[in-house]
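4 protein chains.
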Amino acid sequence: MDIEIATIGGYEEVGRQMTAVRAGDDIVVFDMGLNLSKVLIHDNVQTERMHSLDLIDMGAIPDDRVMSDLEGDVKAIVPTHGHLDHIGAIGKLAHRYDAPIVASPYTLELVREEINDEGKFAVDNDLVEMDAGETMAIGDRCELEFVNVTHSVIGAINPVLHTPEGAVVYGLDKRVDHTPVVGDPIDMQRFREIGREGDGVLCYIEDCTNANRKGRTPSEAVARRQLKDVMHSMEDWDGGIVATTFASHIARVKSLVEFADDIGREPILLGRSMEKYSGAAERIGAVTFPDNLGMFGHRKSVDRSLERVMNEGKENFLPIVTGHQGEPRAMLTRMGRGETPYDIEDGDKVIFSAGVIPEPTNEGQRYQSEQLLRMQGARIYDDVHVSGHLRQEGHYQMLDALQPQHVIPAHQDMEGFSGYVSLAKSRGYTLGRDLHVTSNGNTIQLVE
Amino acid sequence: MDIEIATIGGYEEVGRQMTAVRAGDDIVVFDMGLNLSKVLIHDNVQTERMHSLDLIDMGAIPDDRVMSDLEGDVKAIVPTHGHLDHIGAIGKLAHRYDAPIVASPYTLELVREEINDEGKFAVDNDLVEMDAGETMAIGDRCELEFVNVTHSVIGAINPVLHTPEGAVVYGLDKRVDHTPVVGDPIDMQRFREIGREGDGVLCYIEDCTNANRKGRTPSEAVARRQLKDVMHSMEDWDGGIVATTFASHIARVKSLVEFADDIGREPILLGRSMEKYSGAAERIGAVTFPDNLGMFGHRKSVDRSLERVMNEGKENFLPIVTGHQGEPRAMLTRMGRGETPYDIEDGDKVIFSAGVIPEPTNEGQRYQSEQLLRMQGARIYDDVHVSGHLRQEGHYQMLDALQPQHVIPAHQDMEGFSGYVSLAKSRGYTLGRDLHVTSNGNTIQLVE
Amino acid sequence: MDIEIATIGGYEEVGRQMTAVRAGDDIVVFDMGLNLSKVLIHDNVQTERMHSLDLIDMGAIPDDRVMSDLEGDVKAIVPTHGHLDHIGAIGKLAHRYDAPIVASPYTLELVREEINDEGKFAVDNDLVEMDAGETMAIGDRCELEFVNVTHSVIGAINPVLHTPEGAVVYGLDKRVDHTPVVGDPIDMQRFREIGREGDGVLCYIEDCTNANRKGRTPSEAVARRQLKDVMHSMEDWDGGIVATTFASHIARVKSLVEFADDIGREPILLGRSMEKYSGAAERIGAVTFPDNLGMFGHRKSVDRSLERVMNEGKENFLPIVTGHQGEPRAMLTRMGRGETPYDIEDGDKVIFSAGVIPEPTNEGQRYQSEQLLRMQGARIYDDVHVSGHLRQEGHYQMLDALQPQHVIPAHQDMEGFSGYVSLAKSRGYTLGRDLHVTSNGNTIQLVE
Amino acid sequence: MDIEIATIGGYEEVGRQMTAVRAGDDIVVFDMGLNLSKVLIHDNVQTERMHSLDLIDMGAIPDDRVMSDLEGDVKAIVPTHGHLDHIGAIGKLAHRYDAPIVASPYTLELVREEINDEGKFAVDNDLVEMDAGETMAIGDRCELEFVNVTHSVIGAINPVLHTPEGAVVYGLDKRVDHTPVVGDPIDMQRFREIGREGDGVLCYIEDCTNANRKGRTPSEAVARRQLKDVMHSMEDWDGGIVATTFASHIARVKSLVEFADDIGREPILLGRSMEKYSGAAERIGAVTFPDNLGMFGHRKSVDRSLERVMNEGKENFLPIVTGHQGEPRAMLTRMGRGETPYDIEDGDKVIFSAGVIPEPTNEGQRYQSEQLLRMQGARIYDDVHVSGHLRQEGHYQMLDALQPQHVIPAHQDMEGFSGYVSLAKSRGYTLGRDLHVTSNGNTIQLVE
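Protein chains in written order, with this note's numbering: chain A, 1 to 448; chain B, 449 to 896; chain C, 897 to 1344; chain D, 1345 to 1792.
For reference, chain A alone in the conformation it holds in the complex:
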């Protein structure tokens, strides 16, 4: 059976991920993501009503025109987890394919919202829920399996397409986490089995986000311990404390909620995304928050909630808000500008439980947000965080477990691939033979 990989998007950038695997006549598509930075660089662009081709021209969504070169039928669209760079183009592209969208429960819940928010296209693909550990048939001879992985959002899986020529493992995005705070540990046992059963692994497509960083990405348990250290150190503070993190990072939000309780404060989730992601997690039963945990997304209810905080005393609350990257219209930035009912006062603490995404525009906005907070007297605790992506030792462990015949680095540009290429070369792979450095819009024929 001939096997071909189309590297559609996310091979020259982080964002707008999309990869197709053709096994004989059957095609599976992994991810349909959005590159948000390509949207934000323009003033006043509203993507909801834009046409796919315009978004492709902007570099915002994958250029899936290469799909017409693949001779076969798409049997499934498989988003690996609920981050926008993996599901954000579903509203624009999925309707072109007569295939179900297959995802883990939490991811599927977010895909559902994505489709609802879409204003241009009607997306009526079937939505099929599949859990980690489960499989489904793809055509007559292939099988799709979800392996549980650990990432900075719950419900992340690595899909595996079992073909007669061996398994194709789509390895975006994960870290090797044995103590992930919410959900199950990464299923390394299953990866090792896949590497050794039948014909083993034909091809492994890998998340190179942190491939230039030495060592091991720490577990979420380490971030939790660090966060506990920070928040417990504030136990005696009788003024305001505000925390911000990735809204989709349910494990982190859960830790914030629990440590708020430890130090005698009522947590409240504020901001549209906070409400969206935590609401979805609770709805599907992936996490249990305290019964009375407030989540507010609309401006009015947010303001009302903050007025209550001011009335009852800031020392009794922990607002958990959006704005960890200094996004100009997010809650925390607006707090910094004095545009909300919450007054930042001298000595108030602001916890950034997030890293700064290393891109100059972003760094500038984050800096500005911190400056505005500081000008009002806030004390900044930053980088209380660990990444959700493998560093080099995780890559090393994955290669050891899977022993793939072919390797394709993804989820970065050439500079980002460089550390991975060195590592793979040291494990015996050869560039251009079984180590495929490629770019958007290419196809790689693995078996002819």
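Rather than coming from a laboratory, the hints here were simulated on the basis of the structure.
Here the structure is a predicted model, which is why all the values come from computation and not from measurement.
From the three backbone atoms N, C-alpha and C, an ideal C-beta is built for every residue, glycine too.
Heads up, some of the hints might be wrong.
Just so you have them, the derived chain C footprint on chain D, three or more residues with Cβ under 8 Å [stated by the list, open to error]:
#, stretch
1, 1519-1526
2, 1674-1685
3, 1722-1734
Given the structure of chain A, go ahead and fit chains B, C and D onto it with the hints provided.
Quick look at chains B, C and D alone, frame taken from chain A:
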């Protein structure tokens, strides 16, 4: 009573700390340290037999000639903890003063070794042990108190000289750690009392090592959790694992020893300093290691021990060795060069449970050490570590607790002071009035 | 005679410079500048109609309330050159003092525009023109002298107040440039004389912008040679070339204009500031541009000019525009956004004859501007530039020439001072005695 | 005719360059270089007497065993210029091939010295001199041409192999310099012709050293102007001045010699490499130095020369010495350690007319050398230099001139290639199709 501070060493550098406080006719000296980098830049310098004046000219030990300007008698020499930059000049300078050396048990044990190693001068000052929480009289009207603090070595205290004009708190070196793994948490309660009792705090001398870094220095418990994550992730590895850390960092060594046991390996401490610091800690009962924990310092016994490791199988051991900064003659670097019986092989893990001290010579050596290890196939896990020094939020907490009338930044150069000066200014201090940026060899008259 | 220095603004930042020197009953004020970044961090602030006190609270203009502590009369307000951080607060503060504004011709021309633009206060101080090399009496016993210096704007001088106790030299802003392209070389000869005549130099206030940088700031002739190299290398390009630089940098604009001619292109100056600064320079005869050199500031005339460029062929023109820091509303950024009649096309060259001011917000904007240009196919030539401020070897030369009794670092924050303090210490100065590290709002009594 | 490229060395590093081009049965080898850093990381390795295979195992010289896969005869070995990373393995590898070494006069002179110094192998290949602009036949149907280029050493050429399928242009190492101080400008005219004549360019192999840097590498004329600025600024200094640069950088040495004369000092070249490279340049008539210019390499004659300098007064001389990277045994480092007759005294100037090669070991050594010099009072002028390698706009110009069908980035590792890949992609090349990112030991079949 007139109070005067002499800033003798460590006010233009990290290293060779020495400060004297005169209260009326009584003088207390805090620290007598060594700046090792000023020794190492020269080839083949042996400090043991050198004269004090030559070492002063090299910038290696404090220039204590300014002491002759202070009219009074030295009543005590008080090293705050056992690091070389705080006790390393005692062998060269203490004999000039007719005063006892007063220190916590672990520090005193290390001072004793320092004095024994000294080859030029006979140091026969009395050695007086004093625990955190205890006090001793200084002259008729003053009192010396030790407050327990947490640092990257056990037995660290902040000495406080209570005078009729208020307390002088010597704040080098510490972090605010409530869960320090070994020993007691920092005694913030006592600092708050000192800040509020009697005339409060006249002067606070502060450790500015990390004063340019935002946020809070994590607790040792966070480093321990991170180390656990790293070591447990190696549980299935059946080859060699080697770890290195600061030999004096007893809490870290203890964690390494315990996690070695968790993953079924026998820990062994190797290298002269490893034997020295851990041996001293065990001798005074500050830490309990497993009965059979091997500690070897001399070349021959180290080699014999590594031969045993090679014979019985590397997969059964965790050598904990010196060399975390890539020091050319340390154990780990010699392992990298293949100069020991231990073979580094493809896939072997090396854990650096230490940060890189940011100085180009040092960075070059550390890089070279890693390169040598990598050339043999080693996998590097670096920076499994937290600093022992306060960042900005710790400084903020200390100012809040002590509310000192005067503040003197120390343990850095001007660039290192800059973050502290900004912070102190934001707390209402004024440069040149109650915030004293100074340099080596000055005196500051606080009360006339 | 008692001599006192008030360090009013620009001692904790670059921006809002202001220093007063009192000699007996006579006071001279040096500079009244604006810190533009403190304005821009807020949305939609219009400074023209704002009150001084609000701008002081924002940190945008110097807090001159300390002037009431100085017992004496202001005899002159002396802006040293025409940059906003030195003259931008004149409209808000000068009317409070019954004293003439004394400046070199070009600086005075720009002060005049500053006063005209002021919308809140009527500023009717006398405007007195004084050239480098000239002097004026200040009270009975002092004399003000202007020494010619070289900076990134023409007409820069260092004012010297000769007092019976020695000279006070106000050393902001300059580099040691013996071949400055426009204007005369720095008058090092006169500085050496001042250092040796009479009582020598009592006090030197120094520009520390680049005091942490090793070596020597190159001459403008070096930037010119580099610019020539860049522009001549484009001789064969038959598409668009656009250049941007500091509008006030007349020497650089002149070089751009001349090299445009070398490669057969007609230069045009575009943008409000381009018109303002170059117009002023031509008006006072400081520079001669080709007769037909177009300068357009108003939106309509700019657009008309660019339409002409597009009609007659981009290959015949060199637009020299504002926007070197990526300012969101400047010409070049608007070109990048496609908001002007000028089309950036594949292969077009954009020359940034300017460094990036190292501040995250600014770096973010500059990056975004370059991205927008690149997305249209532009090729970026950046950093064709040398700084206008002394590096360490220039400071060394100035201390050698002046041999001042007292030194006060300025035009930076504490971190920025650190390199200067090291250097001054190595020349024999002592912190707190004759080397005065201070902050905004302090006074230093030099002679009592 | 089938055309194949073997990428033997220098495709994963800077150093040990070697590439073979097979056109039918004829093979031409470009460069045989040494990676010195792989030698220096070991203690006490002497390469002169080492065997090739050991050096290959160390990664020090190219692993040319892939040559046995190429079916054809080597007709010429063509070193492009005289730097060690291009000629340093000739002594170890050339004797294996029955082919002449063809090089420009200066390069050939240095090859001759390389062969003489070789202690293990007898290298008796014919040495054939060929100038830029000349050609020689390779087999029946191909022709080798040398195109003049500009680099940081004189005599650099880009060899072009004209084949029936188009030209293969080997583009290492160069910058686009129209005013190179010594020698002719780069022959861009000829490159444009080659790009357009016959079948055009089949393949271009490019030097990616600076491919991640924006803009244009300045001409040597810019470095010369900057050096003039630095040295003329020292005209009044009556103490010592010492300069260091790359010994092989004849243009820079010439500028140093001339500016020494401008400021009334006698230049002397000191150090083994200084004597070697300048001597060779003079011998072949590539440069004319003043008749009495001293060049001393041997320890004794160097010491004698420095004694003369000390006797006749440092203010009359400019020693131009080795040691620009802080190499531990080079002249300048020994001066810093006080191991030569030359006393560095307070205020003496040291000019580093060289950049720091960005590798941690190297940065550490350079830092240490500067520290030693500073400890004796030296003032450091660093980075008076421009690189010899193309930045992005040079690459853009070369692609424009040559319009090659295939492009192969070289002279870097994957991270270094990344900027070039982006640039080539923006010019329409596709990774894996006509843009070949490869590594050491691969072959690329261009025409079958």
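Flag every earlier hint the structure violates by its number, smallest first.
Hint 2 is the one this structure does not satisfy, whereas the remaining hints hold.
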